[in-house]
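Protein chains: 2
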Amino acid sequence: MVALAALSLAASVSLVSVAQATSQVPLEAVADQALEQDERAWDFVEGITTEVGPRQAGTEAEKRGRDWAVAWLEKHGFENVADEPFEMDTWVPGDLHKAQVISPFPQPLVVQPLGKSASTGPNGITAEVVKFDTHADLVAAPAGSLAGKIAYISHSMTPTQDGSQYGFAGPARWTGAGIAASKGAVATVIKSVGTDWHRNPHTGGTSFPEGVEPIPAGAFSLPDAANLERMFERAGGQPIMLKLTLTPKNLGTTTSGNVVGEIVGRDPSLPPVLVACHIDSWWNGTGAFDDGAGCGIVAAAALNVRDAGQPLRTIRVLMAGAEETGLWGSKAYSAAHIDEPIAVGLESDFGADRIWRFESNFRSSNSDLHAKLASAVARFGVSNGTAVATGGADINIARDQKTAIIDLQQDGTRYFDLHHTPDDTLDKIDKAQLRQNVAVWTQVVGILANEADPIQPPATEPSAPAIMEQ
Amino acid sequence: MVALAALSLAASVSLVSVAQATSQVPLEAVADQALEQDERAWDFVEGITTEVGPRQAGTEAEKRGRDWAVAWLEKHGFENVADEPFEMDTWVPGDLHKAQVISPFPQPLVVQPLGKSASTGPNGITAEVVKFDTHADLVAAPAGSLAGKIAYISHSMTPTQDGSQYGFAGPARWTGAGIAASKGAVATVIKSVGTDWHRNPHTGGTSFPEGVEPIPAGAFSLPDAANLERMFERAGGQPIMLKLTLTPKNLGTTTSGNVVGEIVGRDPSLPPVLVACHIDSWWNGTGAFDDGAGCGIVAAAALNVRDAGQPLRTIRVLMAGAEETGLWGSKAYSAAHIDEPIAVGLESDFGADRIWRFESNFRSSNSDLHAKLASAVARFGVSNGTAVATGGADINIARDQKTAIIDLQQDGTRYFDLHHTPDDTLDKIDKAQLRQNVAVWTQVVGILANEADPIQPPATEPSAPAIMEQ
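As they're listed, the protein sequences go chains A and B.
Each residue of the first sequence is one higher than the last, beginning at 1 in this note's numbering.
Each residue of the second sequence is one higher than the last, beginning at 1 in this note's numbering.
A couple of the hints might just be wrong.
[To be verified] Here are the simulated SDA-like cross-link-like pairs (lysine to any residue), alpha carbons at most 25 Å apart as the crow flies:
id : chain 1 : residue 1 : chain 2 : residue 2
1  : B       : Lys249    : A       : Asp95
2  : B       : Lys63     : A       : Phe232
3  : A       : Lys116    : A       : Asp89
4  : B       : Lys249    : A       : Val101
5  : A       : Lys98     : B       : Ser103
6  : A       : Lys75     : B       : Lys243
7  : B       : Lys98     : A       : Val101
8  : A       : Lys63     : B       : Pro85
9  : B       : Lys249    : A       : Pro106
10 : B       : Lys249    : B       : Ser103
11 : B       : Lys243    : A       : Asp95
Note that these hints are calculated values from the structure, not bench results.
Just chain A, same shape as in the assembly (with noise of 0.2 Å):
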């Protein structure tokens, strides 16, 4: 019994206190830790959601999360922190979101705007539905069929673990906005992109075609998508008529900024380590999920690799601005630091839930590295995969440099349940699995900002794809 009661005691003294002391702990145990208790991590995503709360692009409200990092950051030691400023156009939601159905079936319907939606006015516009089942319809539509109307656009997403059908139903809301505007829509509203059946529409945000006037563009929840079209299966052909108040406005020119911070290392003429989130969130959200759990596990895995001891290379954290409204931070760090070599990229922005599948650009370019990686998160429960990885969109820079990527996969079947809705709250976060994302990210980085040899650009793989915001 004493026997057990000390060996009790000493798994129960922390293994970053040693680290401390000592600066020789094996990075796997600083990992294999970090699944048990990594505290960290939550600590920054409760802290932004709790104190700061929604965070949107080239607000004020983001304004007050970059300053909340960047405090974050200094209290935990980082050096070189910093709020690098850019300039942005700057969308904000407003403050009337509402759909009426006039007739035949009056009822309200839980609508929020897309994002670059104009203005109904205060006073709504009213207008007749037309309902189109997919986005190949609705391009299939003829030129100027829509004149008067207001289009309603559906789809049929269903949960992903690698979140594919968001590029299955997306397009209804990335571009259905300015098709129907280009065919005479007068408003368009779509069934959210989005799994869940809460009356918590998905926003996120929409495009138009160079020339073509922007419309007011929503988003229906899903229960009420799903009600609208029992009105068309019910109302025998009478028309169904909607009336939409959206208010968002333009601001124009206003400053956002992307937060850095290092880990500084042994050897800070090698290129660095880049790991990004992103730092703003849609305004109807907290951004727990998108990506304040992001922020939080990148920042830990740092804080966990130097826990092991200096590292070799600078590990760099990167929690870039306005992403949700069209990359802005992500393309004005790349702008900045074009001139300044990366080593390897890497960005956690989907989510919190559990990392399954590890990817990289270097697969056969680096083999011995990727096989290295690959079997070190093994024990995690993550698969190598064959899929040349892309990399996310906060780091444009890794993609402008053409150097090397990881993509470290989370689950996404609970993604979009809660993407760009006001359901985006810390207590969607699983505990259990954000630890799990610490214990993957620790381990990676750690490999990454200790390797001595170049981690060489993907020669000989397929470039990556350009990525478009999420």
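Given chain A's structure and the hints, the job is docking chain B onto it.
Then chain B, alone, in the frame of chain A:
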């Protein structure tokens, strides 16, 4: 193969058609068929949620709901269909429902007003929040101690199959605002009395004691309540200042009504079987679980019993008006019909999930009938409960007449995820479970409506307690 095909064809012939031809289909067969293929309950709840939507008590929307229900009952061949009017005091939620933490962590919180809440006026009120972890803590607060403050009342409700934690957590909503007002509070906000983690607050009625002036009273969603509670942990003693804007209105006296219809029995002189539900809903959802489903279930069961042959007793369907804001319809029905004895009363008003327990208030006083009913529903997975049935909110008349009562207890595990929220929509209804409800109701109502002997009152049983609104 020919024999099999013939069997398959025979199985697909509707028993309902046979019944209409012969009036001699066994009740059990009709109930079994309902389990597999009832469409009537679904048609009712789909229709009223799609073609009418929210039906706030005493408003024109509820009137459209009653008109819709009258038309549905007539279309399905009910007799003596009527909308029996009554007067009521009508409260409506108004347009502005906002809460904003002003300091130290400025951000919006999602709030909805409670029924009978006063208005803050369109400019809102700002005050410090005083947190009470439980209703008991609020009760214990000294007189006058809340002067100028906003009281926040929390609780720790969890899902329960029998719904019993509604009684545990409910006082935060039922009486919290009145208690806080009596101690000087300028407003009250509660953690929603609910069990889901979506940003859709649970409304519901609150009350103010005689002589206490109503104050504004709202409910936060659980994620928002948890966020506020974390702010208290992180504020280091700084006051949490909240701006609350709620603009409900009292419309004074308006007219509501009780929708009734009958399957007239072979001996109309016998006291009828009263099957009840309520037709109104809160403004924020479409009233699918609460209580469109209940009306669909009881109406479908009545029609199914008719399919098995004209019953001995009349089955009277009561779709009560204005339940949510004070059982106005239930009270009005009892007052109007107190001198017309009913044989037995039963109600469906707890969602659309499966029935798992049968209870009566005549287990000892008419043990043969109790046993017969319990035995008849056992094949649907319904157990024989020992609790004394007390009936639901809509059958005041059964309690006032001290007559027989049956409770067909539904599984409430999900009920308080949806109750009184925007998420109370058609998509939440599981068609298979809805059909199980119709099957059990068909079986029970069919036996009751063909019972020649008195379904005697519970002279020897404990009397049922008064019921408050749900």
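Hint check results:
no. : hint                   : verdict
1   : B:Lys249 with A:Asp95  : holds (21 Å)
2   : B:Lys63 with A:Phe232  : holds (23 Å)
3   : A:Lys116 with A:Asp89  : holds (10 Å)
4   : B:Lys249 with A:Val101 : holds (23 Å)
5   : A:Lys98 with B:Ser103  : violated (29 Å)
6   : A:Lys75 with B:Lys243  : violated (31 Å)
7   : B:Lys98 with A:Val101  : holds (24 Å)
8   : A:Lys63 with B:Pro85   : violated (57 Å)
9   : B:Lys249 with A:Pro106 : holds (21 Å)
10  : B:Lys249 with B:Ser103 : violated (29 Å)
11  : B:Lys243 with A:Asp95  : holds (16 Å)
Violated hints, listed in ascending order, are 5, 6, 8 and 10; each of the other numbered hints is respected by the structure.
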